[in-house]
Amino acid sequence: MINARLIKRFSPGRESAAFELNIYLEAPAGITVLFGPSGAGKSLTLNCIAGFAKPDEGRVLVNDEIYFDAASGVDIPPQRRRCGYIFQDHALFPHMTVRENLLFAATVADHTHLSGLQRRRRVNELLENFQLSDLAARKPAQLSGGQKQRAALARTLVADPRILLLDEPARGLDRPLREAFYQVLKDTRQRLKVPILLVTHDVEECLELADFICLIADGRILQCGARNQVLERPASVDAARTLGIFNILPAEITALDPGRNHSKLKVFDQLIEGPYLPGHLLGDHGFICFRESEAFVTQNSPKASSNQIELRLLAAEPSSRGMRLRLQHDVSVTISATDYQSIRGQTHVKIEIPASAVWFVPR
Amino acid sequence: MAPNAQPIDWFPLWLSLRVAALATLLVLILGTFTAFILSHKEFRGKNLLDSLITLPLVLPPTVLGYYLLVVLGRSSPLGHFYESVIGHPLVFTWQAAVIAAFLHSAPIYIKAARAVFEGVDYRYEWAAFSLGASEWRTFWKVTLPLARRGLISLATLAFARSLGDFGVTIMVAGNIPGRTQTLSVAIYDAVESGNGQLARLLVLIMSVAALLLLWCASSVTSSGTLLASYRGLFRKYRAASVSGA
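First to last, the sequence lines map onto chains A and B. At position 285 of the first sequence (counting the first as 1) the number is 284 in numbering that gives the first Met the number 0, and the numbers step up by one without a gap. At position 23 of the second sequence (counting the first as 1) the number is 22 in numbering that gives the first Met the number 0, and the numbers step up by one without a gap.
Hints are supplied without guarantee of correctness; some may be wrong.
Pair ranges (Cβ atoms, derived) [stated by the list, open to error]:
1. A:Gln-130 x B:Glu-41: 36 to 46 Å
2. A:Ser-114 x B:Leu-29: 34 to 44 Å
3. B:Val-190 x A:Gln-87: 58 to 68 Å
4. A:Ala-70 x B:Ser-133: 26 to 36 Å
5. B:Ile-85 x A:Ser-114: 43 to 53 Å
Taking beta-carbon pairs under 7 Å as the criterion, some of the chain A residues facing chain B (in silico) [to be verified]:
6. Ala-49
7. Pro-77
8. Gln-78
9. Tyr-84
10. Phe-86
11. Ala-90
12. Phe-92
13. Thr-96
14. Val-107
15. Ala-108
16. Tyr-275
17. Pro-277
Derived pair list, reagent style DMTMM-like, types lysine to aspartate or glutamate, alpha-carbon separation capped at 20 Å [claimed, not checked]:
18. B:Lys-140 x A:Asp-109
19. A:Lys-138 x B:Asp-120
20. A:Lys-53 x B:Glu-134
21. A:Lys-349 x A:Glu-272
22. B:Lys-110 x B:Glu-41
23. B:Lys-110 x B:Asp-49
24. A:Lys-192 x A:Glu-25
25. B:Lys-140 x A:Asp-74
26. A:Lys-53 x B:Glu-41
27. A:Lys-263 x A:Glu-293
28. B:Lys-40 x A:Asp-74
29. A:Lys-192 x A:Asp-159
30. A:Lys-53 x A:Glu-99
31. A:Lys-192 x A:Glu-203
What the hints contain is simulated information worked out from the structure, not anything from laboratory work. Backbone N, C-alpha and C fix where the C-beta goes; we use that ideal spot for every residue, glycine too.
The task is simple: from the sequences and hints, build the whole structure.
Written as structure tokens, this is what we have:
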């Protein structure tokens, strides 16, 4: 369990604006994805936890052990924090072979008290686990991106870390390698049962790996929680925007019925039905959020079904799953190529939002 | 060569090589250490230390030599201590020439070595730390091997520069033929005494040696130029400012 309260301020410099990181973060065993745009403070958070950056205030606890506490002046050096840190470009020592990289880790991890023979055995074991045995004599420069990634992960695991910190580990890998690395990471999560903090600004990676998600923007946490909670129930319009998978439209609550788990929302003069919205009042202004993947385009059928909004079609672009329609008010939906044929030439399309997909956030 | 020429005295060349080699060794040990501290540690008076190290580059050799005479002379505590341990005074010996050569080459070495160290991607050092390696072990096993090429190249330059010192050497070691007369001093001596032929020969030797050393230095670094190590410095600063945001 990582438990970190971090405050760190940067005064404006010649090329940088003032910045304040101010977050509270809890990460249990499993993968917690720190998701946010670049410059949000994600890497800085990792550095504070690993001991490479010193917060101005706050404390860092890992498994109830104090790593840092500004109030009492405790600041454990990085060497004794046992954080497995995977850097953006792996940081495998370029002058050592893969085996030497792992042996270095085994040698300096003095808490394991292994003999030379045990160390070599442990290194061999990890080389085998990560399918690196045949590559052990190579230098990092002779490895592919995916192999480097595995070697870097294996090297951190040699030291038997208490937590894993990964800074955009899949950056620069192409799709198949990414998938392979995700699998390795998931296996590691199964085996290790330690908190894993993963920094990314790639939403696909977040969806693929996260057990928990922390949305972070401009040095603040927008929302932290279990994966589905964050993905389905954004806490604010900023959280929904940061995640970038939502369509967001202004709305007003016109009816609320907890008994039938039902609500009505007015969106551009059209009424949309949704689930009951606890914590909100009749007449509240805010936004409805629905995921791109949950809305669909209805054909021009005479039967007027509910929960439809008519929007002007601005553009249609081919995407990996068919055609992506860009509509007015920054709304986009993806439909199949055959469905696109039937609405081709129309200036307006009706999209239907299932009531269960509707979520309301206050302004 | 004219038949009436005297046999050439090779002593200045050998002395110069010996002095330069010892000075380079000193520079390698003390300079590398200082450069590492300057590149990796924050402490009060760091800028002052940096200025002090740069000072020998801008002061006239006569001023430097004068200071050395004051600090190392027979009446100074340091000179007195040296004399009581070794048995003879330090000034006007070839050992004093080593110190002069050291002073001539150390500033440039330290400045450039600092840039080389700063050019080593800090992530390698952080990776070593996070694995549990001490700063000492990280220096020996990670930072130094990664900086090795740059440092070797700089050591070659330091050797070339040590070979060429004149002003400070003549101030503190004097011009004693067969004892403290280095190559550059011998050239001065030859010109002064009107021995143009000897001067030309020694100048040629000096030039060829310097050229060879520079060529060695540039073929050690893959990128070829000293400027490359400065480029590494800027890259590191940029990376640091990005990760700080």
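Quick rundown of the hints versus the structure:
no., hint, in the structure
1, A:Gln-130 x B:Glu-41: 36 to 46 Å, "43 Å, holds"
2, A:Ser-114 x B:Leu-29: 34 to 44 Å, "38 Å, holds"
3, B:Val-190 x A:Gln-87: 58 to 68 Å, "60 Å, holds"
4, A:Ala-70 x B:Ser-133: 26 to 36 Å, "28 Å, holds"
5, B:Ile-85 x A:Ser-114: 43 to 53 Å, "48 Å, holds"
6, Ala-49, "6 Å, holds"
7, Pro-77, "4 Å, holds"
8, Gln-78, "5 Å, holds"
9, Tyr-84, "4 Å, holds"
10, Phe-86, "5 Å, holds"
11, Ala-90, "4 Å, holds"
12, Phe-92, "6 Å, holds"
13, Thr-96, "13 Å, violated"
14, Val-107, "4 Å, holds"
15, Ala-108, "5 Å, holds"
16, Tyr-275, "42 Å, violated"
17, Pro-277, "38 Å, violated"
18, B:Lys-140 x A:Asp-109, "16 Å, holds"
19, A:Lys-138 x B:Asp-120, "17 Å, holds"
20, A:Lys-53 x B:Glu-134, "18 Å, holds"
21, A:Lys-349 x A:Glu-272, "15 Å, holds"
22, B:Lys-110 x B:Glu-41, "16 Å, holds"
23, B:Lys-110 x B:Asp-49, "8 Å, holds"
24, A:Lys-192 x A:Glu-25, "15 Å, holds"
25, B:Lys-140 x A:Asp-74, "25 Å, violated"
26, A:Lys-53 x B:Glu-41, "14 Å, holds"
27, A:Lys-263 x A:Glu-293, "18 Å, holds"
28, B:Lys-40 x A:Asp-74, "18 Å, holds"
29, A:Lys-192 x A:Asp-159, "12 Å, holds"
30, A:Lys-53 x A:Glu-99, "31 Å, violated"
31, A:Lys-192 x A:Glu-203, "23 Å, violated"
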